[in-house]
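With the hints as extra help, turn the sequences into a complete structure.
Sequence order for the protein chains is A and B. Here the first sequence is numbered in this note's numbering, starting from 1 and rising by one per residue. Here the second sequence is numbered in this note's numbering, starting from 1001 and rising by one per residue.
Don't read these hints as lab results, they were simulated from the structure. We put the CB at the ideal spot given by N, CA and C, even for glycine. Certain hints may be false.
[Unchecked claim] Cβ pair distances, simulated, as ranges:
1. A/K266 <-> B/D1207: 48 to 58 Å
2. B/T1197 <-> A/N218: 44 to 54 Å
3. A/E46 <-> B/Q1205: 45 to 55 Å
4. B/I1145 <-> A/K130: 53 to 63 Å
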Amino acid sequence: MKLKVCGMKYQDNIEQVASLQPDYLGFIFYEKTPRHFDTKIPEISEDIKKVGVFVNEEASTIIEKVNEFELDAIQLHGEEAPFYCSILKTTKLFNKPVEIIKVFSIKDEFNFDVLEQYEAVCDYFLFDTKGKLPGGNGYIFDWSVLNDYPSTKPFFLSGGIGIDQIEDIKKFKKSEASKYCYAIDVNSKFETEPGLKNSSILREFINKLHNRKTMNYNVDEKGYYGEFGGAFIPEMLYPNVEELRQNYLKVMAEPNFQKEFDQLLKDYVGRPSPLYFAKRLSEKYNTKIYLKREDLNHTGAHKINNTIGQILMAKRLGKTRIIAETGAGQHGVATATVCALMGLECIVYMGEIDIARQAPNVARMKMLGATVVPALSGSRTLKDATNEAIRDWINNPVDTHYIIGSAIGPHPYPDMVTRFQAVISEEIKWQLREQEGRENPDYVVACIGGGSNAAGTYYHYLHEPDVGIIAVEAAGLGVDSGESAATSVLGNEGIIHGCKTLLMQTKDGQITEPYSISAGLDYPGVGPMHAHLSKTGRAEFMSITDSDAMEAGLELSKLEGIIPAIETSHALAIFGKKQFKPDDVVVVSLSGRGDKDLENYIDYFKI
Amino acid sequence: MKNYSFKMNRINQKLQEDKKLLSIYFTAGYPNIDDTVSIIQDLEKNGVDMIEIGLPFSDPLADGPTIQDSSTAALKNGMTSEVLFKQLKDVRKTVNIPLIIMGYFNPMFQYGVEAFCEKCQELGIDGLIIPDLPVDVYHEHYQDIFEKYGLINVFLITPQTSDERIRYIDSISNGFIYMVSSASTTGAQSGFGNVQTDYFERIAQMDLKNPQVIGFGISNNETFTQATQYAKGAIIGSAFVKHVTKYGANSVDAFVNKVLNG
Ligand SMILES: Cc1ncc(COP(=O)(O)O)c(C=O)c1O
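Written out as structure tokens, the structure reads:
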């Protein structure tokens, strides 16, 4: 069932509510209500339809407002006659097609005969409670009246609906009366004053309406996933991070931004990436395995989804200098690539040890015009490269944007990176519908370094209880060997790189050195979303050793002709550890290709 | 109780003295694990007004190479919160000037914020500087605990901090404000230019409730004198750490004399 939030008035509040992704937002152009809309509509997602509400208004005024505010629908809330509706239905004066919603007010009973003359001249009906005012009275009518609904036209259910009605709505949804109920319309019951909506109650309502457990797995308004996340940054970074926090959702919702992002993902990255049914692998493990082919993206991994998004963001914020950290060099290459594409200066920090063991990627970055700066402190790997990038940002607070490469760092980074990577699960949904006739698999599986490919793969399934989430960490030489990166097992709560999350540390709070054969999983923490998924039990965490991962990588090469990155091989190795049912649909994020790891594979298997 | 403990706090008393204050940062447990207390004593003996005892952290984001290296070395020497507290057990028998612990949040978080604060009070520590504990998180979760144990929390401001935020930080502070001299990590630089002195002047004219102490980039008599034209005091960190790296822990007098007397 769709949701319409009506009576929007204030710019900030509109943006806040829009971030909850309702299907319709209503603006009342009737002057005799305190919710009268008289400002501008800020840029909001194109997926949200803007509805203008009018009461016995001149048709010319309606046409004017629709064109001025780029409305997608009009709601006629007075005694508009069928003939009047037909004028609006047929006029050519609207700049784009407009849906017409005709309102009828119901007291205790209703004579449905009146609907017939409106059937042909409007797209939806809306049933509201009859009261003193035309709408916004705050009372509910007896929904069982709708048992006699004679039409097949979809309708909106309105009138005094609040969070207390959740159970009634659920009951209603099961009843015959709801057969043509298309949307729920809410207004006054979510207000702190007329026109001002309380977005946290609204969020709770939406979660409950969609049968999500009350648990929210997305970031909250303060930047936390449950108890994890936040922005634990020195004051020197506050202006940068705050600028980003205030702008990222706004920028991402701009139609121009979305268009440019989508276009680059399509033409430059090569999206959509295929969802490939791995027949021989499926036969071997007697279940249905699909591989989401992020390895086929330009530069060979999912990392570029995020760097495309962030470079566009950096440009919108007027930044001219880009910095990044990298471990294996995949994110460094993806960043250097988009900097070349946009003609921006690029500095990549990389641990001295990683520079030595990932020479091809270092050469790639240099060829793309980036400067690679060795991180010489600490253990001289990914964690230290991240420290150096943060220090660079402290020293260059005005012109520089830091493109973090995983779903880590201070808020809003984990959420921003997740949203850019969410294209992965967005595609899985329609691809799976095409191939399996359903959007939801039984499991989604991804490896976790900081957790960006995982966050993108899970994103649209987080609140779908029938989809199991499996997170695969690197166990290194074994979880108890002292040489491991299995954060969910070995870590506990703490602060790393600006967020509260699970991390590997000493009793004294010093961050410890992880180990994994895969440089991309060799990180002592996980992103805060994953810490929350682990703590709440929403995701099942598994740890895979170096040797099991290497074998799984070789197996995929032999069975399917795909050489995966060693990071990805960890996710593939779970089939040897966990038994799935024959008709289970398991989607694995094939996060990257193995070209960068050939040397490792060759050494390991003495090829 | 709140007012009582703050009246007694050595930081507030020191700030009332009619002089410019020299504060020195050093890394605890460096160059050698047992140098901590002797360095504190020598700093006081040679006329330093306030001390920041650096609790080393594995990943000091806001620090330049000098303090990073001293922190790594101190950790290798075996420094921990526990060890530092043991070393400071009797420090108040011989030392009277304000002592502040400066460190990153994670080690305190692991120790337990309340237990950490309680221990600080017991040992006679007067305040804390925690660069990666943001003002809002402090205000929401920890201010009551700090106040319960009579500890002053010192916040940083930078040239990029807005006036509005400076006023907010001023309203939450009850000791001094740590003015970071320029957008940078710690580490000595040579002299201050117009950009910095304009910023110092701008802040001086805001007429804040809390006095300001300038840090980052103060390294010698010249920069100390320059900074204290605009502020109540100045903090030297990296330059001092470099000095003890080169000349050892018993060379404190030479450094302090040179800063104070040129
Ligand atoms: C192919 C591939 N997969 C996974 C990862 C792990 O990163 P994340 O957890 O952010 O997806 C990396 C990181 O370098 C990678 O290159």
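Consistency of the hints with the structure:
1. A/K266 <-> B/D1207: 48 to 58 Å: holds, 57 Å
2. B/T1197 <-> A/N218: 44 to 54 Å: Holds, since B/T1197 and A/N218 (Cβ atoms, about 47 Å apart) stay within the stated range.
3. A/E46 <-> B/Q1205: 45 to 55 Å: holds, 48 Å
4. B/I1145 <-> A/K130: 53 to 63 Å: 56 Å Cβ-Cβ, so the 53 to 63 Å window holds.
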